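Order-wise, the sequence lines are chains A and B. Mapped onto the working numbering, the consecutive letters of the first sequence carry residue numbers 1003 to 1299. Mapped onto the working numbering, the consecutive letters of the second sequence carry residue numbers 311 to 784.
Just so you know, these hints were derived from the structure itself, not from any lab. Treat the numbers as computed from the prediction; the structure is a model and nothing was measured. Be a bit skeptical, because a hint or two may be false.
Interface residues of chain B toward chain A, partial, derived using beta-carbon atoms under 8 Å [stated by the list, open to error]:
#, residue
1, Leu322
2, Leu329
3, Met337
4, Cys338
5, Thr347
6, Met359
7, Ala601
8, Pro634
9, Arg635
10, Leu719
11, Ile723
12, Val751
13, Ala758
14, Leu759
15, Val763
Pairwise CB distance ranges (calculated) [unchecked claim]:
#, chain 1, residue 1, chain 2, residue 2, range
16, A, Phe1207, B, Thr346, 37 to 47 Å
17, B, Pro554, A, Ile1142, 37 to 47 Å
18, A, Thr1068, B, Arg353, 43 to 53 Å
19, A, Pro1086, B, Ala342, 22 to 32 Å
20, A, Thr1068, B, Thr623, 23 to 33 Å
21, B, Ala679, A, Leu1083, 49 to 59 Å
22, A, Trp1012, B, Ser573, 52 to 62 Å
23, A, Ile1142, B, Pro575, 31 to 41 Å
Even for Gly, the Cβ is constructed at its ideal location relative to N, Cα and C.
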Amino acid sequence: MTANGFRKYWTCYLFLLPNGLLFLALTAVPVLCSFLLAFFDWGGKELDLATFGFAGLSNFAELARTLDFWYYLSNTLFLMLGIPVSIAIHLGVALLMNRKLKEIVLYRTVWFLPSVAGGVAILLLWQWIFYPDGGLLNTILAGVGVRGPAWLQSEMWAKPAFMLMGWWTHAGGMGMILYLAALQGIPQTYYDAASIDGASAWQAFWNITWPMVSPTTFFMFITGCIGGFQAGFMNAYVLTGGGPNGTTTTVSFYIYQQAYVNFRMGYASAIAWVLFVFVAALTVVNWRVAGRRVHYQ
Amino acid sequence: MRAGNRARKVMLDQAARLLLILGGVTMCIPFAWMVTTSLKDDRDLIQNMSRWMVTLPQRTAESTVGLDYIFFTTDAFSEVVAEDFESEDPGWRAEGAGAARSTLAEGLSAGRREAAQARANRGALAFTLRSSEGDTVTAGRIFEPPLAVPEWNGIHFWLDGDSSGSKLTLTVETDRGTFTTGRPWTVNFGDWRELSTTVREEDRLGGMPVLYGAGALGAPVDVPLSQPFGVEVRSIAFTLHRVPYPVALWERLTDNYRQVWESIPLGLYYWNTLLVASVVAVGQVATSSLAGYAFARLRFPGRDVIFYCYLATMMIPGHVTMIPRFIIINKAHLYDTFAALVIPGLSSTFGTFLMRQFFMTLPRELEDAAIIDGCNRLGVYARIMLPLSKPALATLGVMSFIGAWQMFLWALISTNSVSLRVLQVGLASMRGDLSGKYNLVMAGSIIALLPAVIIFASAQKAFKEGIVLTGLKG
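Next up, chain B with everything else stripped away, as it sits in the complex (with noise of 0.2 Å):
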């Protein structure tokens, strides 16, 4: 009988392990396919879409990128100034260690000759880096006399490029100062691609764009401060830096988290929802507990029938409530601010019910004690009511902490500024900025998403205690 009992037990426990470490997988594999995702960059994404592996940059001997169609303007349509050299155009070299210029095919890595051949008849620039040789090789030419551009706004090119990791600048000398892009292009993308580059007030030449191949094919994020103004060019040069594989590797993976957290103001968000958050948990906490004692302790004139319309709202939708409050606030020219925010919750029905029931179950004896002493109601509650009901307290806090972290219609509804916008309506419209970008998505949802669920694994013990004692005694 008992070692029958014994084996059941044993079985059960091992058929219950087996189904939790079976769902506890379903849990993870959307988690690991966020994290997946997020890691992968836009080629990737669209190409290898089902596919769960992220293609790594390559550890390469040398990095091989080609040049075609360079135009003076972002415009590659304009019939401005278009330098679309020819292959035999000996304007254009190649300069540093290990830099071989060379023509079509030859300095082309066999994989991408046939793409280069197909371009035969236009012409391109090859230049190779060799890594035993040294890390930068530019290539460009020298215009002699100086090529005159009447309206320059940026650079549009073609670039071949490889999996390398390598980094690509470029500088325009001319007349009206050097100009040269405030970040270098990462060139991971094995094909050839259309870049184009801005110029801006702050730095000249504008920095890559932070989306490269998004819009036009590289139409920068920053819009231009500058309109286009006549130059003369005295050279241009592209140089590449040959990245260690290592580094290669990590500005690869990180690049999705880069790009978002420069894209979208994350950290604002996150300041915003811990403001409202910590003020709304702090003020829910002390307007409840000093009314729940009240409902609790005290006799006054008219305290059941308060508390009963207490309870009664708190069965009515939360909608009902919310439009009137909108109206509210709203004429209260309290609409966008911050006040907007947190004002709704700083007093909570279900808080002051919550500490009305914990304070019922404590002893009496105390507080009668202290008031024979000469202690007065305040007394009471600072001194005796609130060391006594600490868990009550912290469980109240951390859930209206928790319910403020998620807040997203009132926070929708009641601020319109970039300024105001909490974790969860940024993310929800970040969506939208990024125009479905699901790798730049998902790591923006998990720069979101990694600090709750820290701050809620180390609350988790009083989070737990909280949903009992509320779920069971509320």
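Chain A on its own, in the form it takes in the complex (with noise of 0.2 Å):
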């Protein structure tokens, strides 16, 4: 750019300095370098260069050939059976919420609680929950004459155990609320007209809120599942560790492990990009299946 350009535009690049330096430097310049890094050696504690070493593309090779890795990633695709649930409930719940009862704003404060209180203490009390001699769930389990399982210490329920804590923790929180906005947004006239031509609520629900809110639930569903291929870090490491015998190990939780435990930048990195491409060719597919079923007023 000439002086003359820049000393026309210099305002212009100073609103935008303060945001585009940290951008260029933790966010452009770190995805360049995590790009490199992926065909590199490189780990230990210190991280110096002199254990940097190119690899070509061994650390995907080796990704490759290791069996754990598409385990973890089975595991994540598992856990990834819970989001049309969980989807379900919100659109569910949002109907419920959408009638206009007096005390509805009780309701829907104790719903959005776990939401709410999120994070940590939220899954401190799920483990207290799933505790297998004397937590509540196996409690109540036993109320009804069920011996429950070990749930998070046990390989085949760790899993869905982790499935029903995300339904719980989510059920009434934001995805119900955009389901809630979307809802609201539905001309009143509509079902009237249906209710004229004698349509049954089953067949409102089908004919026009389904159609209606079909672009929140396609927002949802591509959100979700690029959520969901991240999604597992937390629970691994707050609640199992990623065990028992690396059943709720998810993809994000052997990265996190692979770079920050064993030290080895290069080989997290070119898992952190695999599982980008995972997320991109999802994300394409849902666009062109899912997408065509969208209705756009």
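Dock the two chains into a complex; use the hints.
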């Protein structure tokens, strides 16, 4: 750019400067670095350059050979099976919340409570709920004559336990509020017309509500899948340490372990990029397949 | 037709109400479980794990405690000096209003007579406190001549307590001064328990163990500062203070909370989190609105290219950037500093995008008028755009505040020292610090949750608007 051009536009760049510098240093450069890093072998706690060596595609080759990685990927995908259920719960709760009841604010507050509380404290609560002998869940199950499993300590039940926890935590949360906003945007006249035509509540739901909220469903499905691929770190870190026997280790927890426990930065970057490829591919597929069914006004 | 519709509506309303109440109860049950667990003491937790009710201190007319196996060292197995007194030892006496010194079962309540008799061959000292006759009773003995203890580091003894919530203090008079417990024990366990206390430098005979009954049965959490030293013990006295029932009840119920507050620096974690979240929220709103304005309204070479770069990086998972980010922070010698916690939060591609989208919706005419009137770009931004975009700014502020409040992974990897720990990381480490005592873990979690719930409940409107705004327009 010419000096003249800079003189003309310098105020514009000034606006961009604080954000842009940070973006450059902590987002743009890291994205490039991490891409390069995936082709290098670099590790050790001190991160000195002496241990820095070109690795070609060997990080990716190692990843492909590592059976654990594919197992962790399958764990991640298994946990993502909870996403449609979660979306259904959001919609169901939003439909209930959309009825004009006097005490609706009370319900909204109570249902919203777990997502507000959020974070580690809720995880610690659930660890106690899932406690095998005398935890809340198994106490309730014992009350109806069922001998509950060891939940987080059981290879079979640890993942379903995480799903259950997720449904409870987010049932009345942001997803529900998004649906509520969508429901409130549907003109009442549509329903009036349907009722004049003698449509049942079920028919009204399938023919009016469901198509009208489909952009929201689409949005939640897409963001849910993107988030789902990256999920599971906190649960694994706080509750199970990735166990028992790796059952609750997701890709994101594996990246954490490789990068910050084993200090294999290059290898971890390679995993992160492979993850990105999966996320991007699934998003494109979602967009193509589900996007067609979305009804925009 | 109309009437039928109305009936159907009422029916649906009632069904919705029922489901909402049922679901609401499901939402509340874990929290209620959390609260009752946080109120239980250790014994209650282990014995009645699946019970909801909390065992409360008993309202008793009198309090009786028994003592046995008193050692002048914290290690009960060391052979240094053990005062395993005989039941008929005349040296031990109890004093004070209502005191009744007894041998063996005489002074013990009927329920615990068996336990006492099981120890008949050892001998025990029991003393009773009757509320009608006074509030304290002291039992002990004077050593004449003084008892030489060559390597003294504390007192170890067995106590047969009741559930009254009375307080027990211990005073040891030696040639090197008088030592007393910094804090009394609370007697609210209904059976024999091993207790010990160590000599600490600051208050001589140290306070009670913070987690009584923990570790090697009553090993104090505080590391004893002094080496064992030789003393001549002139007298030893246990004093039982009766506590009014409401006070005993209050202390019992708040006990876990006080223990957690004292053993885990939750206040510090709070302060750190609040500081980080505030700095991040203010910084992010400032940088994002400036950049968002530039992208929305200004024309300059490279604008679109830069904006597309922003958009593209939004789609890349956080894990990708996290590693080089960590290395950069490390190389900049910012590892384990406050700066490391906040700097990555100061700019946000999402926030920039949000602000740009919002500024795009504002009418251009106001701006043009201001520029014609001679206002420069910064003036337009500060005097016209910012006041108009208060809802969006508030939304971004609340969202970035919450994001920073919930920050976990970055805080975990970018800092190490306890003085910089944020709440989420502190809570996660609490589980290990408290060695799986769920009553304390739950108490700590509640302390951590409560202000967050209050803050977010009061900001709920802005929060909800923000979600709607970003969810539908983002």
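inquiry  = Please list, smallest to largest, the hint numbers that this structure does not respect.
reply    = Violated: none.
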